[in-house]
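Participant: As a plain string of letters, each chain reads:
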Amino acid sequence: MSRRDTSRFRTATVLVALLIAAFIVLVLLGVVTHSPASVLIECLLSEEIQFAVRLSIITSVVSTLLCILVAVPVAYALARYTFPGKSLMNMVMDIPMALPPLVAGVGLLLFFGVSPIGKSLAAAGLTFVFTPLGIIMAQFFVNLPYMLRVTRSTFQGVNPRYEYVAKTLGCTDAQAFWRVTLPMSSNGLLAGSVITWSKGIGEFGAALMLAGATRMKTETLPLSLFLNMSTGKLEYAIAAATILIMISVVSLYAFERYGGATHVY
Amino acid sequence: MLVIDSVSKSLGEFSLSNVSLSVEDGEYFIVLGPTGAGKTILLETIAGIYSPDAGRILLNGRDITDVPARERNIGMVYQDYMLFPHLTVEANIGFGLRSRRADPAFIRGKVQESADLLNISHLLHRYPGTLSGGEQQRAAIARALVMEPEALLLDEPLSALDVKTRENLRAELARIHEATGTTIVHITHNFEEVFELADRVAIMHGGNVVQVGTPEEIFRRPNSDFVAGFVGVENLLRGTGSVDGTVAVGNLRIRAENGIPGPVSVAIRPEEILLSKAPLPENGRNVVFGRVDSVRPNGGLVRVFVDAGVLFKVTLTRQGFEEAGFAPGDAVHLAFRPSAAHVYPSGEEED
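Protein sequence lines, in the order shown, are assigned to chains A and B.
Per the numbering used here, residue 1 is the first one in the first sequence, and the count goes up by one each step.
Per the numbering used here, residue 1 is the first one in the second sequence, and the count goes up by one each step.
Don't take each hint at face value.
Claimed, not checked - Coverage of chain A stretches by chain B, computed from C-beta distances (three or more under 8 angstroms per stretch; other residues unrestricted):
1) 151 to 162
2) 170 to 176
3) 180 to 187
Unchecked claim - Sample of chain B residues facing chain A (criterion: CB under 10 angstroms; computed from the structure):
4) PHE84
5) ARG98
6) ALA140
Source of the hints: derived by calculation from the structure; they are not laboratory data.
Backbone N, C-alpha and C fix where the C-beta goes; we use that ideal spot for every residue, glycine too.
Isolated chain A, as found in the complex (with noise of 0.2 angstroms):
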């Protein structure tokens, strides 16, 4: 192959890239600068969007603190240990990445909603069905894979022998994990939040199935966005968009920064 044959490949490539780059960008800046800023302000400021702002904040934390909670110890398990039923396990977990939320929000609806342990749940106290927990737990439900993917490579890559070494200094494993491990997997932990969190703060179908679509009640962003479209107040979807934009742009910097995008895939 000559040189210009070469070049003129190079050329065509990039191009397409730079095509699929100002799509992307076009897009975006279409929606953020859509309303006047003045209209787009008073919106923000409206109470009914700093509900859903408050609200998606409220549960996407505690989602979010919620899948660090199951995934640390339920990666460490995947990463270090060898057990029977591992690798289908380890299948198991990924299925509700693949899933389409909606089937997901059906599945977590009926759970919820109408088996034994539902019902019993409710009768606890324990609501999950149209009310803000039934987000927090579709928020979890749907985004567990990904801090539990994260957490799991990162735990892989840290060398088991550290581990070796804190026991022959005095660690029992649980020790060893706490002052070794743990530690030293702060960057892929941090990396792993962040995208849960704005996974979450983003989660629409499945919180739509089982925490429904009430007004200044279940009105996370996403939710207030498509209320707002479907009822014609553009202005209001405007907003709650420009936020879910911004979160999105300053967490995917985040999950880049502490080195995030080497454990996903």
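Based on the hints, put chain B in the right spot on chain A.
Facilitator: Positioned in the frame of chain A, the structure of chain B alone reads:
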């Protein structure tokens, strides 16, 4: 004393089969073997990371086979240092004492003492990532020694270092062993470490210990083709031995230091053979006549291959070689003492 009694352990591709060793108090014991011989598993089993499938481990009379690693008081140092990257050198060295919940002032004193011994006091506030390989390895050794372990295990401690640092740290290990009297088990595949450091050596191959002895014994009196090849005995002649200490190799009759009847191998180190163009007086030596087959320079040494019915490999200094001026085709005389010819049963037919 550290006793490994018939220990077996299988871990997928690596394994130990029926390994027995005993290391004396204060001994510097080296385990030598190629990659994949099971050396690291051996150390990790001694340290208590793995429990053996069979056999026992005793440390100073105490059966520690089922004692968890944290209660064994055995120190471990890896090739790649394994310093905790999120802790300063000081916190790394003090890590074990903090596990024992020692008094902070006591920990500071001990850490300082240990750092002084390794000459790294000036690095205590640094993080491992900012240190050179040699400095990191000193910190890792200090971290193990500060616990005053009953045995210190070193897994290829010098292999990741550059030549100069390796020489320094090798001398340092000898000094530390001298100063502390700690029982050390050191694994390596490098001979220089054996001669400078080891009181005794074990050779491992395929999960087995194949020979144990002083470096001199292993070097000069290998007991198998594997050991002979591994320690660089280049002349391995197959023959038929007899009890009077002679071995028939082809048309040659070689007088050896020991007599074993039946199919045997004779191991002769290439530097133990004298080479001359002039006839050599026998004087109790084996004298053989042959022709120079080829000459291969090898750094400061020259390897000369001599065909005497069987092929002998002789190593000469460059100076000795140039003075004599050997060239392919020259008629030469070889001489070596019977004590330089070590015989072991080969278990195979003469070929």
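Participant: The structure should be examined with respect to each hint, and the outcome stated for every one.
Facilitator: Consistency of the hints with the structure:
Counting residues of the segment 151 to 162 of chain A whose beta carbon lies closer than 8 angstroms to any beta carbon of chain B gives 3, which meets the minimum of three for the stated coverage. Check result for the segment 170 to 176 of chain A against chain B: holds, 4 residues qualifying (beta carbon to beta carbon below 8 angstroms, three or more required). With 4 residues having a Cβ less than 8 angstroms from any Cβ of chain B, the segment 180 to 187 of chain A passes the three-residue criterion, so the hint holds. Because the beta carbon of PHE84 (chain B) sits about 6 angstroms from the nearest beta carbon in chain A, less than 10 angstroms, this interface hint is met.
Below 10 angstroms, beta-carbon pairs count as interface contacts, and ARG98 (chain B) has one with chain A at about 8 angstroms; its hint therefore holds. Against a cut-off of 10 angstroms between C-beta atoms, the interface hint on ALA140 (chain B) holds, since the closest Cβ of chain A lies about 8 angstroms away.
Violated hints are absent here; each numbered hint is respected by the structure.
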